[in-house]
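Just so you know, the sequences run in chain order G and E.
Counting in the working numbering, the first sequence runs without a single skipped number right up to 600 at its last residue.
Counting in the working numbering, the second sequence runs without a single skipped number right up to 600 at its last residue.
No false leads were mixed into what you were given.
Simulated DEER-style distance windows between Cβ atoms:
1) G:280 x E:587: 58 to 64 angstroms
2) G:593 x E:136: 42 to 48 angstroms
3) G:68 x E:84: 52 to 58 angstroms
4) G:129 x E:427: 31 to 37 angstroms
5) E:437 x G:394: 47 to 53 angstroms
6) G:420 x E:151: 35 to 41 angstroms
7) G:394 x E:155: 39 to 45 angstroms
8) E:421 x G:158: 38 to 44 angstroms
9) G:280 x E:431: 56 to 62 angstroms
Keep in mind the hints are simulated off the structure, nothing from the lab.
For glycine and all other residues, C-beta sits at the position ideal for the given N, C-alpha and C.
Number of protein chains: 2
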Amino acid sequence: MLDKAPNGKVTELLATLDQALSAGDIERALDLFQTDCYWRDLVTFTWNIKTMEGKDQVRGMLEARLADTKPAKWKIADGEDSSEADGLIESWIQFETAVARGFGHLRLKDGRIWTLLTTMVELKGFEEPKGFDRPMGAKHGADRNRKTWKEEREQEAAELGITKQPYCLIIGGGQGGIALAARLRQLSVPTLVIEKNERPGDSWRKRYKSLCLHDPVWYDHLPYLPFPANWPVFSPKDKIGDWLEMYTKVMELNYWSSTTCKTASYDEAAGEWTVVVERDGQEITLKPKQLVLATGMSAKPNMPTFEGMALFKGDQHHSSQHPGPDAYKGKKAVVIGSNNSAHDICAALWEAAGDVTMVQRSSTHIVKSDSLMEIGLGPLYSEQAVQSGMTTEKADLIFASLPYKILHEFQIPIYNAIRERDADFYKRLEAAGFMLDFGDDGSGLFMKYLRRGSGYYIDVGASELVANGSIKLKSGVDVQRLTENAVILTDGTELPADLVVYATGYGSMNGWAAELISKEVADKVGKCWGLGSNTRKDPGPWEGEQRNMWKPTQQPGLWFHGGNLHQSRHYSQFLSLQLKARMEGIPTPVYGLQQVHHLG
Amino acid sequence: MLDKAPNGKVTELLATLDQALSAGDIERALDLFQTDCYWRDLVTFTWNIKTMEGKDQVRGMLEARLADTKPAKWKIADGEDSSEADGLIESWIQFETAVARGFGHLRLKDGRIWTLLTTMVELKGFEEPKGFDRPMGAKHGADRNRKTWKEEREQEAAELGITKQPYCLIIGGGQGGIALAARLRQLSVPTLVIEKNERPGDSWRKRYKSLCLHDPVWYDHLPYLPFPANWPVFSPKDKIGDWLEMYTKVMELNYWSSTTCKTASYDEAAGEWTVVVERDGQEITLKPKQLVLATGMSAKPNMPTFEGMALFKGDQHHSSQHPGPDAYKGKKAVVIGSNNSAHDICAALWEAAGDVTMVQRSSTHIVKSDSLMEIGLGPLYSEQAVQSGMTTEKADLIFASLPYKILHEFQIPIYNAIRERDADFYKRLEAAGFMLDFGDDGSGLFMKYLRRGSGYYIDVGASELVANGSIKLKSGVDVQRLTENAVILTDGTELPADLVVYATGYGSMNGWAAELISKEVADKVGKCWGLGSNTRKDPGPWEGEQRNMWKPTQQPGLWFHGGNLHQSRHYSQFLSLQLKARMEGIPTPVYGLQQVHHLG
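Just chain G, same shape as in the assembly (with noise of 0.2 angstroms):
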């Protein structure tokens, strides 16, 4: 029998919450906050994407945000119950601002708000259409001055651009520029998406060959369009490549692909960017009043400066650039660098009978595949979650409800059940040298790829060949120099070499700001991504959410659009409804707007 307790304390607190707030009485409201406390908003509040930590920081942020978004409306969200376990009671929520309809997640510990998640569903008036609302298709009746819907999308794409301005210009037509895309046009922000590659999906056909997704299926939804059951749980590079052609398609998206960003500068007064393009070769001027850069989280290269590199006789790339092994077969192949990449480069030369040497500069956090599918994402996103009722929606309303402060706890256990159950593959890795990590407090991947994007390498096979050796391995060096057929390690030792790869890993995204608009822009928005964790290459101080991603930055009109599938696919909602709101002339006082620590 279904427990309806835990709805009457939800119920109760909300009550309580709702009159607290609407009459504006702040401490009142405060009090069903436990000290320890988290609020993590998604626009609704704070027209940012913030997270409130303890009872000071959200009294800041009612004191200047309540009167104006007015909320209201407080319930137990349609259609759920509460639930309570191990001390713990959790609901769905919905609530309404002035302007928009909320969800959200509530956690009570004896009573009181521990997380509260408020996110952003829709503005009022400007919803969706979808469901109930679908634009009819056919226009029935008779009207002499029809135009199908093939003339109107040849229409919109031989103006957009040329005679009409987009509201919102995306650089970047991978999966993030793809899904902000899609979302922004079904709230009717004419939006350009342009793309370097001649197709939609090329920045995945690109890629060496044997790569495929690492993430599972079930986290790598787009907005819209799920793939469907039978798709694989790790897509091969083309197969995706090929569905985010076909979503472009299909989602009507405006995208101009062969087209490469020259220039982009802002006029303050005009509030509104000109941005040089070339297009299959020829100039063109657009003016948007947005801007988005989603070149990926894993686009601007890091290549590093070796002593004799331009001696070096054979081949040598980074990773990026790296065409799979066909050219090497038999090849005496060096790789530098130990993270994702480097592994997956690796394998595939020692596949292709080559002679491969890792050469590994610094610890490196090793997690098979399976055992992250099963134990670390299994729960979320797995075939299971889905059978037992899991949606995308609330698997990643369930993620975001978990504030970055202390998400490191959740994971600590989570990594330790994988330490234990891969005791003996992580005894043998370290027994062949490689040195392994497990972030720097234990919390494992998914804290890693927050703080800092990389350091870690989802096994899918290469560490048994490190493990056993077929894959050689030099840890805890770095390279010296290179000659004009070797690489020479600090330690002395001489690797000889028809090709070297650098997986040597990519910078922060504002790298693109500073070669696609001006270094002053760079530097004034800073660093993106990181959490300011204060642990490797994620400094303080702490910022609580990612740098400048998916909300507003310090440059305004400026924005940070990417993440793996599931951030593409999550945040695009709340970055599209920003836009929407500024196009609409809602007004969006941003509050707590990101402070710049670092440059890059």
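For this one, chain G is given, so just place chain E on it according to the hints.
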């Protein structure tokens, strides 16, 4: 409080049925049936698509098929409850046979079976790889002989039809061929689709420009990948073309466009077809075991022959060749016919400021799109239905559970309601001289569609133009002859014309068999479509199922697939299973192979 009593009754009946059938006690099983009963079997017992009407026919089928089928494990379907209303108990059921798993539907009247639907879900040991069984995609581990997905697809494309023969060849790459090919791929049946046009979806793109689907989106989903929630209710033709094109790609279909079939002949001894096709100008010989004609219900044009056609100096063509109104702005057009195409074309010509006359030779059933959507389809295929928990799968099965013999009885009240709702509309139409009908027995559109595939118009605006005289009408007449610049009607009227469009319908699909294979084979299989209802254009004797569709024909190895999007979707499941069973060597003794009573 959910009434569980019906569950008990159904469970008891199914247990008795199970025992009786397992014991081979046919009379005991028949005791559970109403005298006036219907058992519709989709493959599981009959390896056919067949309705047994009345106890004698049920007895006959069981005597032939029970021992072989070995049905077992009859129960209320997992997760379902029976329901009781208006003296009827309804239930979803599941069962197994020796080789398959089945799902079905039951209606009890006074405690006995009134209607029983048994359908094949999957063949044991050949389940589709989806959900928990979806393919991994990435090949984990190391493999020196690794082929990437892309390489596998390229190899497949290079071999299939060239060095490796497809088991199944589908002629016709519209929605029917595409849906069937998708199912067959999931069942690992090597399949090739050939399509005469250049791109998947062209069969829609090349139609007259104002065309949109006449069936609403919830009715139209393809297998595996439903349209998203923001897809229009009525897809414009180019939009559905795009969807079909991407579906073909992401479902990994082997699809040869710009390919026509020249000849096909069957080798009975070898159990194999020899099919000569022309692909991009090159002749290729294919040797499939199974040949499916999916050339379309609306594919073989019925072109009339009138005296004087050779004299006429203006443009004249069948509606299937009509390009739309653009070349005919302000011209005089005469459209022969008064069904769907005629109305669409007349309306578009009028919108192009044309002077257009519709020549109605026989009565037409008109139903307004909104009324059809709400009253006709609403309970099963609508946003409301979806919101109430109806799934496409269940809607299809509920529809399939209504015996054709009495389907019209269910339909008559619907069309009475529509007649009443739109009384004024119909009055005005008749006042304009339009000859209306509601089917021979008042059972309306869907019966007309099932019986003859023609004779109706789903009104999306043209009827208003007829009612108000914008589209001129001559009814109850036929064409006598044409002159150089006019059409002379049988009542002597002379209609000056720059354009004559023969919206005169389409012939039976076995006309394609005559053209591609031989007249002998076409006559062997006989007329396609129709129920044998002895109504206009559907002569008896009573067939009880669609002639030749989705089931074995009198020509071994020859099959017909198609129908509207709902039928293409639903029946592709059963046709694909019949083909898979044959490929795997599972015995498929066909019960009650249809006899041929009409040649076309």
